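2 protein chains.
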Amino acid sequence: MKLVVLSGGGGGARLTRGLADTLEPGELTVVGNVGDDLEVLGLHVSPDLDSLLYTLSGLIDEDRRWGRAGETWNVLESVGAWGGEDWFRLGDLDVGLHLVRTQALREGVALSEITARLAGRVGLRCSILPATDDRLRTRVATPAGTFAFQEWYVGRGHRDEVDAVEYVGAREASPAPGVLHALQAADAVVFAPSNPYLSIGPILAVSAIRRAIERRSVRCVAVSPLVGGQAVSGPAGRMLSRMAGGTTPDFVAQSHKDLIDALVIDRSDAPGAADVPVTAPEIELVVTSTLMHDRGAERRLADVVLEAACA
Amino acid sequence: MKLVVLSGGGGGARLTRGLADTLEPGELTVVGNVGDDLEVLGLHVSPDLDSLLYTLSGLIDEDRRWGRAGETWNVLESVGAWGGEDWFRLGDLDVGLHLVRTQALREGVALSEITARLAGRVGLRCSILPATDDRLRTRVATPAGTFAFQEWYVGRGHRDEVDAVEYVGAREASPAPGVLHALQAADAVVFAPSNPYLSIGPILAVSAIRRAIERRSVRCVAVSPLVGGQAVSGPAGRMLSRMAGGTTPDFVAQSHKDLIDALVIDRSDAPGAADVPVTAPEIELVVTSTLMHDRGAERRLADVVLEAACA
Chain A
3 MKLVVLSGGG
13 GGARLTRGLA
23 DTLEPGELTV
33 VGNVGDDLEV
43 LGLHVSPDLD
53 SLLYTLSGLI
63 DEDRRWGRAG
73 ETWNVLESVG
83 AWGGEDWFRL
93 GDLDVGLHLV
103 RTQALREGVA
113 LSEITARLAG
123 RVGLRCSILP
133 ATDDRLRTRV
143 ATPAGTFAFQ
153 EWYVGRGHRD
163 EVDAVEYVGA
173 REASPAPGVL
183 HALQAADAVV
193 FAPSNPYLSI
203 GPILAVSAIR
213 RAIERRSVRC
223 VAVSPLVGGQ
233 AVSGPAGRML
243 SRMAGGTTPD
253 FVAQSHKDLI
263 DALVIDRSDA
273 PGAADVPVTA
283 PEIELVVTST
293 LMHDRGAERR
303 LADVVLEAAC
313 A
Chain L
3 MKLVVLSGGG
13 GGARLTRGLA
23 DTLEPGELTV
33 VGNVGDDLEV
43 LGLHVSPDLD
53 SLLYTLSGLI
63 DEDRRWGRAG
73 ETWNVLESVG
83 AWGGEDWFRL
93 GDLDVGLHLV
103 RTQALREGVA
113 LSEITARLAG
123 RVGLRCSILP
133 ATDDRLRTRV
143 ATPAGTFAFQ
153 EWYVGRGHRD
163 EVDAVEYVGA
173 REASPAPGVL
183 HALQAADAVV
193 FAPSNPYLSI
203 GPILAVSAIR
213 RAIERRSVRC
223 VAVSPLVGGQ
233 AVSGPAGRML
243 SRMAGGTTPD
253 FVAQSHKDLI
263 DALVIDRSDA
273 PGAADVPVTA
283 PEIELVVTST
293 LMHDRGAERR
303 LADVVLEAAC
313 A
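Those protein sequences? They're chains A and L, same order as listed.
Position in the first sequence counted from 1, then plus 2, gives you the working numbering.
Position in the second sequence counted from 1, then plus 2, gives you the working numbering.
Keep in mind that the hints are not guaranteed to be accurate.
[Said to hold, decoys possible] Only part of the chain A face toward chain L is listed, based on derived beta-carbon distances under 8 Å:
#: 1; residue: 76
#: 2; residue: 83
#: 3; residue: 84
#: 4; residue: 85
#: 5; residue: 86
#: 6; residue: 95
#: 7; residue: 167
Since the hints were made in silico from the structure, they are not lab data.
The model shown is predicted, which means the values in this text are computed figures rather than measured ones.
Heads up, the beta-carbon is just placed ideally off N, CA and C, and yes, glycines get one too.
From just these sequences and the hints, can you work out the full model?
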């Protein structure tokens with residue numbers, strides 16, 4: 003079966019790994035968020051694409067859950083000592099990738115082509131596509147002002163509540179080569195357990211991608227990023243509370259309004275268990291354990307997702 | 003006294019440190035070679051300015067004699083693994099500096115201003131000025147073809163003999179701010195024991211610098227980079243043999259024709275000692291031990307140079 007996953011980093015990347023472990027080589031295409039991308043120290047950094055690359059290749063630091071295992075931090079120490087900007091944590095092995103990517107971008111190679119080359123170097127069994135090769139940047143409006151995504155997320159430790167999210171450049175952005183084809187050829191579409199506003203939202207902000215999903219004839223399954231009404235990591239819970247009005251499965255489902263057929267939720271969020279009202283009865287709820295504490299759990303969740311996608 | 007030193011890296015940087023140790027803060031200005039500069043992995047690298055900075059600040063690896071003490075190499079390992087160019091050895095701490103400098107250059111800050119900022123971060127007692135803020139690049143013509151300096155020096159391990167050296171951009175290059183003023187205010191000028199063609203040559207190729215030295219009213223003292231007719235490191239000996247015809251003090255003096263009043267040479271190269279003819283009697287020869295195997299030797303050589311400069 004041909005599957006397309008829309009994903010950020012973190013848990014999204016881990017579910018993607020579970021799916022890649024389960025599917026045959028070539029069956030899986032991941033469309034990664036680029037709204038988090040930034041230029042820092044003259045380097046083009048694509049945090050979500052890198053999390054996907056590192057997770058799928060096994061290079062990721064499994065404890066820290068971002069960046070590379072065995073990472074060292076001497077570049078950044080030196081940058082700070084010489085008076086450069088060192089607020090964004092870049093490890094030495096990570097910087098190596100950013101240098102290679104940035105140089106290729108400057109030579110005019112598209113992000114999607116570079117991403118394919120990098121994935122090829124580590125022999126991935128699936129394709130990673132950026133949502134777009136065009137410049138698309140997430141900005142958040144908060145009571146303290148409007149910030150570029152990483153300025154808020156890393157620079158301010160995402161401490162400010164978010165009132166609104168905007169995707170600068172989305173209107174003009176085209177899907178990267180291969181994205182629409184993958185969606186059209188897909189037997190199912192999955193939204194990984196990533197932040198609806200910060201990871202899935204920027205992908206769907208590329209209107210041709212949203213349109214392709216709206217017009218699909220196959221099932222689309224989202225996996226909630228919440229466990230017990232809270233994000234496993236990051237601000238998804240706080241953002242759903244403030245921007246959607248709550249963190250029950252209904253609010254998660256509403257954040258993907260008109261796009262999904264089923265929502266996979268954790269047992270701790272199951273209606274009844276916590277007496278949660280269901281107001282979107284057209285969306286099927288699939289209840290399972292969504293915490294991915296090891297590779298086995300990733301594969302088990304992947305199996306549930308695949309079953310829901312093929313239902 | 004106000005002293006200006008023209009220097010490459012290596013031995014030139016070590017003599018400069020000896021002079022800085024001896025002179026009062028503010029008395030010493032080093033004009034550094036930028037003909038070796040290169041762009042690699044999108045980074046602007048200034049090897050000679052960095053050798054000066056690292057040597058004068060004590061950050062240099064005293065055994066390797068280039069790069070930083072305690073250096074690690076994870077960026078380059080990663081670059082190679084991702085398929086990037088890894089022929090030019092860049093350590094992690096070194097990359098930190100290159101990122102800071104390259105970002106500032108892209109923002110329009112001049113190399114001289116950046117160099118001053120970096121020197122300020124480590125509290126140097128002297129000024130480091132690049133010969134020029136303009137693009138000036140050394141190229142070498144060899145029997146195997148003409149190469150950009152680092153392509154030949156590092157990429158090909160400087161194995162090809164050199165027939166000629168050209169300084170691309172020198173004609174249009176202006177001295178960096180402060181260089182002419184330092185030369186005009188100097189009580190003496192010193193050519194450090196650096197390669198005449200590859201380190202001193204590119205500085206003097208900036209015509210306003212050469213003219214200022216030709217028109218000086220103070221003494222100019224060169225220190226030979228040779229010991230026993232051979233370079234302590236690098237290809238200076240081979241280049242003098244092939245391009246000037248020999249490696250005796252006369253040939254070294256000829257390479258600085260019409261510019262120097264005195265040449266400091268090692269005892270092993272002293273005329274008489276090896277029965278070497280002297281054909282440039284207008285240039286005073288100063289015989290001492292020029293090998294700088296420790297800080298004490300750097301200071302002793304600096305004392306001899308200062309004495310010759312004040313004669």
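Consistency of the hints with the structure:
| no. | hint | result |
| --- | --- | --- |
| 1 | 76 | holds (4 Å) |
| 2 | 83 | holds (7 Å) |
| 3 | 84 | holds (4 Å) |
| 4 | 85 | holds (6 Å) |
| 5 | 86 | holds (4 Å) |
| 6 | 95 | holds (4 Å) |
| 7 | 167 | violated (28 Å) |
Hint compliance for this structure: hint 7 is the single one not met.
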